[in-house]
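Here the structure of chain C is known, so what remains is to put chain L in place on it, guided by the hints.
Residue numbers (this note's numbering), protein chains in the order written: chain C, 2 to 436; chain L, 3 to 477.
Treat the hints loosely; a few may be bogus.
To be verified - With a Cα cut of at most 25 Å, we get these calculated DSS-like pairs of lysine-lysine:
id, chain 1, residue 1, chain 2, residue 2
1, C, K357, L, K309
2, L, K309, C, K424
3, L, K120, L, K162
4, L, K98, L, K122
5, L, K229, L, K71
To be verified - Here are some chain C residues the structure puts well away from chain L; computed CB gaps all over 10 Å:
id, residue
6, K10
7, K36
8, E160
9, S192
10, S211
11, Y227
12, T239
13, M257
14, R258
15, G268
16, L270
17, D321
18, L342
19, S373
20, F393
21, P401
Treat the hints as calculated values from the structure; they're not laboratory data. Ideal Cβ positions, reconstructed from N, Cα and C, are used throughout, including at glycine.
One-letter residues, chain by chain:
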Amino acid sequence: MSNPKEAIKEKSMIIQKDMLAKLFTELSTAKENGKKVVYTFVPGNVTELILSFDMLPVYPEINALQSGMRKKSASYIRDAEKIGFSEDVCTYVKCDIGMMLNGNIGPTGEKMPEPDLLLLSYTGCFTFMKWFENLEKLYPNVPVAMLHTPYQEDGKITEDQITYMVKQMETDVIPKMEMVSGKKYDPERLSKMMVNSAKAEDLLVKVLESAKHVPSPIDAYFAGVYYIGPIFTAFRGTEEAVEYYTELWNEVQERMRLGLGPITPEGELREEKFRLVVEGPPNWTNFREFWKIFYDMGAVIVASSYTKVGGVYDLGFRHDPEHPLESLAKYCMGCYTNLNLPQRVNLLADYVTEYKADGFLINSIKSCNSFSAGQLMIMREIEQRLGVPVGFIESDLVDPRYFSYANIKNRLESYFQMLEQRKIILAQETSEAIA
Amino acid sequence: MNKYYIGIDLGSTTSKAVIINEDDEIIGRGITNTRANYSVATEIARMEAIYNARFSIMKKKLEAEINLKPEYGRYIDDLETVFQYEQFKKRLDNLKGEMMNAIESYFHGEQIERVKDKVKHIFQTIEPLIKNEYLFGNLGSKNQFFRDIVSEKYNEEVSKLDMALFEPLMTVWDKSITVAENVVIDFNFGELIHEAMDILAEKYEKLPEVAAGDKSINFDAEMNLLKGNFRNVSETLREHIDEVANLEFNIANMTGTGYGRALLPFPEDCIRSEILCHAFGAHAVFPETRTVLDIGGQDTKAIQVDKYGLVTSFQMNDRCAAGCGRYLGYIADEMSISLNELGPMAMQAEKEVTICSTCTVFAGAELRELTNLGEKREDILGGLHKAIILRAMSLIARSGGVFNEFTFTGGVARNPAVVKYLSQLVRENYGDQIKINIHHDSIFMGALGGAMFARRNIKADLPSAKKAKAEVEEI
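Just chain C, same shape as in the assembly (with noise of 0.2 Å):
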């Protein structure tokens, strides 16, 4: 590749750098200023009861996509297959493991803080589980609760569930917070902070809903990832969550007005000549290079599912400040990977639909079972139920050495000039019919 160019930062953008900068470096000190630390899991996570508490949540799988975008996974991925993790085990958790036998040092450069606290919430993926038990044994004195989200075997969520979830919040994660913190719960900061989290989710919700419009004004998926980035992490329930949104949800407007497409690294898509729907996590490694792919193609990514994995809130969901604890607990089990595979068909098959888009695109994620079991059958259901083209194609999470640049090109490839055959063939279809 050429020398990439520099990219267009728009000021969402750098509130946004700021904030994770900001966080980096609390955490980086919060040793010396006596803030404590949770280790925790993205989908799924109870955010706003852990900073209720005044502490501060580290997400394992987003410092190792980090590393993996910052190009230090590799090395990670090789120091925890050396002390014995299999090639198949997932790739952010041996990145993690590898990050912490190297002193810990974060993606920024900072170190991070060991945990005072490690907050299982494992949300449809079992990995989870047997990653915190790692974690367990290289931090052993450190408490450990569990948080078990309920799978939605049966395609909705039961009141018995909901008490289920809350019972655990209740009687094992808030007091395992209170006795780490020194702090009493305090249901009242809770319910305030739910303000702000379905505040900033409204907004979320509207950036996203943006690229139903004629051309998309987003890239819902290699931008979305950046757009969920404050509210699945440290910052939901926070004021700033609710500005970063505010501010981007406005750009996203004035882009729409001007009818302008999306922002890219490699500068604005100027023809938006392909809609896709995309089903499965990016690959980080090589993100970029991934991105510009479509870009070349002027293919933009107007739905995902991977932007859901901390919330499906277009579905309606929001975190409710008169019921915090049952809230999160809905929340919890709402989450993309924790609904079932007719739940993920169906969901799937309205963005194709509601979004306008020209096809479905799958990525599949090598050492990602959570995500990548079902995707066939996903596939299948959607060809035969919207006959849009279907695509698939698959690389890896964090790990380079699955990242095959030539074998995904290739495959992009033909995919669009399958689209763009097919734009053709209907439009004549549509003509002779008229005719």
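The following block gives chain L in isolation, referenced to the frame of chain C:
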């Protein structure tokens, strides 16, 4: 003036070119081995297809005459073979030149002349052998390409010589063949064809004596008609031969495809994915096709197409090319037999030995182990061929299964054992009523699809299913 369209499929193992006319009929085919310089491979395939097209245009024009007098058809076919030999001879001369140069730069003193003498001697021996094989159609199905034919003969001669010469002679070969192969040689069709007529006259003149001594020559009815009559035939045909030699070939549009397509010397909008081309080609020939399997050198593709021949989804092997054409090439090398002998040998299998197809290199090791255990080569090969198809079946399943008619394309479709196991497993898995299509031009399907895209690009009229069917009946 007639317009023609060319499709070029630059695969990992072979490069193919197909020329079609405005009725989508194939009138020219060219194929060569893919080599380091893609432009050369493309150019050779393209030139071959154009030469072939000139011959087929002539035959088409003389269709009525040929029906009445089959010896005319035979003469043209023989002429094309001799014409091919002449190209071969020019390449051989070029290779010899390269080898002489290489000897001068890699050896010193007396050694130079010594090695030169040996190489000259080898060429003197193999040249008439190859000429004979071309002229009397004894090249057989073993090898097709310049490199393979010469290397086989060269190695054979080297092995007859003193072992001390082995190293220098192989060094010279290695240093020269790649250089020689990556050169485009300009041929003058008119000149070459007249020379070919002379060589052919020589051949026919000698026919009675050759025939008496050599039982291998198939003395059929056409040959008998030619024997005493060839001068008349050649004089009658001369003006037609001159006409096609001078025919200006108007290639109106072209499409490049195959894994090396991005490197083809074509404008970007003339380049298309091989998945689309294979599907389009296969669908054009068999319009009821809904599932296409293409096994090429390094890719296996399971493709679903709609009634227009457009791809609706596809699955390809990722990360590993075990079970593709190159896998068979490797196995052939391991067994020291030629690629084209593999299939027929596997057809002799009485059972299929279980072999793992997940890794080419391991399969090689397994093969040696099984041979040690006393398994028969035929049965091992049977197992290997079945293993390839089992892998392809899993891709087919991933792509959605087999619908309606099933068409098998790609170079591997020439292998009878692959076809046997594929047919067996497709029927086992998807029912006896599935119609399985394998065209004798299966290796050209990608190039054909490309040429068809090239033709349609101009008119921007992609075919409806009905139209495609009518076209096929003509092919």
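Outcome of the hint check:
no. : hint               : in the structure
1   : C:K357 with L:K309 : 24 Å, holds
2   : L:K309 with C:K424 : 15 Å, holds
3   : L:K120 with L:K162 : 11 Å, holds
4   : L:K98 with L:K122  : 8 Å, holds
5   : L:K229 with L:K71  : 14 Å, holds
6   : K10                : 31 Å, holds
7   : K36                : 44 Å, holds
8   : E160               : 40 Å, holds
9   : S192               : 49 Å, holds
10  : S211               : 29 Å, holds
11  : Y227               : 28 Å, holds
12  : T239               : 42 Å, holds
13  : M257               : 32 Å, holds
14  : R258               : 34 Å, holds
15  : G268               : 20 Å, holds
16  : L270               : 19 Å, holds
17  : D321               : 42 Å, holds
18  : L342               : 17 Å, holds
19  : S373               : 13 Å, holds
20  : F393               : 6 Å, violated
21  : P401               : 13 Å, holds
Checked against the numbered hints given earlier, the structure breaks only hint 20 and satisfies all the rest.
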